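Participant: Sequence:
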Amino acid sequence: LEQLRSWSFDCAAAESGAEATKDMIAAKGRSSRLGERSLGHIDPGAASAVTVIGAMRSSLN
Numbered sequence: 004l005e006q007l008r009s010w011s012f013d014c015a016a017a018e019s020g021a022e023a024t025k026d027m028i029a030a031k032g033r034s035s036r037l038g039e040r041s042l043g044h045i046d047p048g049a050a051s052a053v054t055v056i057g058a059m060r061s062s063l064n
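Residue numbers (this note's numbering): 4 to 64.
Bear in mind the hints are in silico, worked out from the structure with no lab data behind them.
Quick caveat: nothing in here was measured; it's all calculated off a predicted structure.
Here a beta-carbon is modelled for each residue, glycine too, at the ideal position from N, C-alpha and C.
Treat the hints loosely; a few may be bogus.
Computed spacing ranges between beta-carbons, pair by pair [claimed, not checked]: (1) His44 with Ala16: 14 to 22 angstroms; (2) Glu39 with Ser62: 35 to 43 angstroms; (3) Leu63 with Arg36: 36 to 44 angstroms; (4) Thr54 with Arg33: 12 to 20 angstroms; (5) Leu63 with Gly20: 16 to 24 angstroms; (6) Asp26 with Ser62: 27 to 35 angstroms; (7) Leu63 with Ile28: 14 to 22 angstroms; (8) Ala52 with Ile28: 28 to 36 angstroms; (9) Ser35 with Ser62: 30 to 38 angstroms; (10) Arg60 with Gly38: 30 to 38 angstroms.
Model the full assembly from the supplied sequences, consistent with the hints where possible.
Facilitator: Next up, the structure:
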């Protein structure tokens, strides 16, 4: 447990990855039926992952 607390999670990589989903057309999940209309929107799963990673970082520090 002590090792986990010493880890430094960098949310910047997660945020940039989530931001990169704006340029992708959804192929899976509920957004897949939107086709090209999904362009310009961050994938909800990626946004959720950023939130989870941020919460992990906060709780371990």
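Participant: Hint by hint, say whether it matches the structure.
Facilitator: A quick look at each hint next to the structure:
1. His44 with Ala16: 14 to 22 angstroms: holds (20 angstroms)
2. Glu39 with Ser62: 35 to 43 angstroms: Once the Cβ atoms are compared, 39 angstroms apart, the range 35 to 43 angstroms for Ser62 and Glu39 holds.
3. Leu63 with Arg36: 36 to 44 angstroms: Given range 36 to 44 angstroms: holds, Cβ gap about 38 angstroms.
4. Thr54 with Arg33: 12 to 20 angstroms: holds (18 angstroms)
5. Leu63 with Gly20: 16 to 24 angstroms: holds (20 angstroms)
6. Asp26 with Ser62: 27 to 35 angstroms: At 32 angstroms between Cβs, range holds.
7. Leu63 with Ile28: 14 to 22 angstroms: violated (35 angstroms)
8. Ala52 with Ile28: 28 to 36 angstroms: violated (19 angstroms)
9. Ser35 with Ser62: 30 to 38 angstroms: holds (33 angstroms)
10. Arg60 with Gly38: 30 to 38 angstroms: Between Arg60 and Gly38, where Cβ atoms are some 35 angstroms apart, the hint holds.
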